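Can you make the complete structure from the sequences, with help from the hints?
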Amino acid sequence: MFRIISRETLATKVHLFDIEAPAVARKALAGQFIVIRIDERGERIPLTIADWDDRKGTVTIVFMEVGATTARLASLQAGDSIADFVGPLGIPAHVEKFGTVVCVAGGVGAAPIAPIARALKEKGNRILSILGARSKDLLFWEDRLRSVSERLIVTTDDGSYGRKGVVTEPLKELLESGEKVDRVVAIGPSIMMKFCAQTTKPYGVKTIVSLNAIMVDGTGMCGCCRVSVGGQTRFSCVDGPDFDGHEVDWDLLLARQRIYCDEEKCALEHWQARTGKGALTEA
Amino acid sequence: MAKLNLNREPMAKQDPGTRGKNFDEVALGYSGEQAVAEAGRCIQCPKQPCIDGCPVGIDIPGFVKAVVDDDMPEAVRILKDKNSLPGICGRVCPQEVQCEQVCTLAKKEAPIAIGRLERYVADWEIAHPEAINREEQRVSSNGRRVAVVGSGPAGLTCAADLAKMGYGVVMFEALHVAGGVLVYGIPEFRLPKSIVQGEVDYVESLGVELRLNHVIGKIATVDELLRDGFDAVFLAPGAGAPMFLDIPGENLGGVYSANEFLTRTNLMKAYLFPEYDTPIQVGKRVAVFGAGNVAMDASRCALRLGAEEVYIIYRRSQTEMPARLEERENAEEEGVIFRLLTNPSRLIGDEQGLVKAMELYEMELGEPDASGRRRPIRRPDTEFVMEIDTAIPALGTRPNPIIPSTTEGLELTRWGTIVTDEETGMTSKERVWCGGDMATGAATVISAMGAARRAAISIDGFLKDGG
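Keeping their order, the protein sequence lines are chains A and B.
Throughout the first sequence, residue numbering follows this note's numbering, covering 1 to 283 in sequence.
Throughout the second sequence, residue numbering follows this note's numbering, covering 1 to 467 in sequence.
Hints are not guaranteed to be accurate.
[To be verified] Calculated cross-link-like contacts (lysine-lysine; reagent style PhoX-like; alpha-carbon spacing at most 25 Å): (1) A:Lys265 / B:Lys356; (2) B:Lys284 / B:Lys356; (3) B:Lys65 / B:Lys107; (4) A:Lys277 / B:Lys269.
If you're looking for bench data, these hints aren't it; they were derived computationally from the structure.
In this text, all values refer to a predicted model and were calculated from it rather than measured experimentally.
As structure tokens, then:
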């Protein structure tokens with residue numbers, strides 16, 4: 001069993017858990033993920049590692065309540081345990097000195113991008129960051145990103161905080177401004193990563209995305225997380241999760257992510273009925 | 001010479017109409033009377049060809065005689081002396097091409113039903129846990145430690161053998177439960193999970209320490225295991241990575257690798273959704289590509305999950321099918337439809353990206369190919385389209401890349417398997433042995449166990465020799 005050492009709500013329906021998993025904490029690197037299973041009835045879901053502390057033996061995960069598993073997870077308290085916590089999985093983010101790297105985070109993508117931006121900064125890269133969300137109450141870790149960035153632009157779709165609009169607008173402006181950008185790292189909802197990749201493509205700037213495909217085992221055994229990259233079938237879990245955004249077949253990924261929408265709803269309602277838990281917990 | 005009894009004792013099965021709707025075990029096993037009657041047919045011939053026919057060399061005449069003598073603890077002891085997993089082997093071994101094929105009575109087409117007797121003895125032990133004194137089996141530790149990577153048939157066998165020799169064994173498993181393909185792949189109705197758990201419990205009772213949720217190559221590399229106090233490493237991670245069709249549409253929604261389909265169903269219990277959280281989608285018409293045991297398992301799971309029509313699509317003919325006859329017959333009895341000499345050319349999706357049809361074409365058989373089987377050849381202008389809701393490629397697996405890509409100095413074959421000495425299981429890397437599908441490519445449970453046994457002997461020899 002893996003104990004939840006502490007928990008915190010970062011934004012509306014977005015939660016942070018520090019989980020006791022010393023062996024995982026010892027090996028974790030930016031860009032990797034873990035697979036969790038809450039209990040005997042639970043499904044296995046992947047979550048990107050948001051941080052880790054080798055000394056304390058903890059791994060930090062950040063997740064948004066979107067379906068049955070994340071709602072069940074959100075109902076747990078510090079001191080509770082989850083049955084399974086496997087990792088660190090996937091190939092770590094490629095970190096070396098590229099020059100100037102633009103880190104673009106959308107929504108919950110702020111969590112996985114933070115350690116990557118930090119690692120890139122430690123390698124001597126100049127970091128420019130763009131952090132976007134639908135509205136102010138969904139933004140978090142502005143401070144974390146700011147601390148490793150030379151410049152940080154914040155956007156909200158509704159204009160409730162920072163600049164009104166979506167992340168691709170300042171991204172395009174940066175590329176237009178004559179600023180020499182050597183690499184873009186974009187992490188967030190698939191649709192946001194798709195448009196970031198589309199934005200950078202005409203400028204020929206390498207754009208790395210972290211794909212959040214549905215997984216079961218997370219170790220290359222089932223092939224559920226397969227994606228098409230450069231016309232080849234690849235497994236997000238063992239070949240990724242990072243891929244060249246210009247090569248990803250985004251429409252296929254988006255379609256595969258929608259496969260279980262109805263079942264997600266059914267599982268959530270079933271859990272709510274079984275446990276008497278109400279609607280998703282509010283921030 | 002006493003008169004030969006050529007009446008092989010049949011084993012009861014659940015009725016096809018009933019069993020096609022449940023996940024309970026299909027084959028019901030022998031009663032005590034049946035077991036004694038079947039065992040009594042053994043003529044205890046002096047040549048004992050069955051022992052050579054067994055990849056792990058079980059003293060088959062010995063345990064069969066113990067059944068006749070009603071000395072069940074002795075039957076268990078003899079079985080477990082060579083096979084730590086008899087409940088599993090009694091159910092899934094292809095006895096018809098091993099021990100039973102060479103049985104002296106096979107010449108009269110009535111070989112002793114060795115597999116069924118093995119199962120009977122194993123199930124008796126599970127039902128009588130008090131009959132065997134576990135503590136007596138514990139050997140004093142010799143102070144040496146071996147890491148076993150994977151807890152499938154090879155891992156369990158090697159771990160048990162080494163523990164019995166006095167080694168301190170830690171067995172690492174990537175998933176949240178031990179058993180490997182025995183729990184994620186083979187369905188409940190063919191191999192109940194409680195049987196696998198019983199065998200895992202037995203291996204743990206020998207002193208083996210099981211660490212779940214440990215993906216070796218990630219949480220620790222093979223080199224780190226060797227550095228951190230293990231004297232040797234036995235690699236048995238399986239050949240887990242599924243192969244796809246390499247045709248347009250293979251990534252549509254509703255297209256599952258057999259591994260994924262079976263993992264969701266068996267390991268994650270998707271058949272109990274939404275009581276269990278993992279979903280699975282099975283439409284009315286399901287196509288399974290391939291005709292091995294895994295294809296039979298997937299097709300029979302699809303029926304039980306509510307499919308109305310399940311097709312096995314296979315490019316060769318009945319004679320070349322790799323599945324065991326018993327599994328083929330079970331599938332047929334339950335209503336699986338076989339479309340032989342047929343191959344898919346593409347899968348067609350709807351506007352949501354879900355599979356809705358497949359295009360097939362007909363094949364004919366030409367000259368034998370490298371595998372000795374007649375080569376299937378495409379018949380021109382035979383394309384036709386069939387509507388389906390679910391497609392399941394069951395085309396075999398390739399080696400998983402995690403261990404090869406994280407271990408220095410492991411020589412690989414061009415198929416990505418680890419170069420392994422067949423006799424000893426040694427790899428090109430010092431102190432590292434390998435067995436099971438990772439060494440041979442996809443094969444049977446018992447051949448993996450045989451390789452694991454040989455590796456355990458080799459590891460013991462190496463370490464005793466001052467290694």
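Each hint, compared with the structure:
1. The hinted pair formed by Lys265 of chain A and Lys356 of chain B meets the criterion: a straight-line CA distance of about 23 Å does not exceed 25 Å.
2. A threshold of 25 Å between alpha carbons decides the hint, and for Lys284 of chain B with Lys356 of chain B the separation of about 11 Å falls inside it, so the pair holds.
3. Among the hinted pairs, Lys65 of chain B with Lys107 of chain B is consistent with the structure: their alpha-carbon atoms are about 21 Å apart, no more than 25 Å.
4. Only pairs whose Cα atoms come within 25 Å are accepted, and Lys277 of chain A paired with Lys269 of chain B is accepted, the gap being roughly 24 Å.
Every hint, counting from the list given before, is met by this structure.
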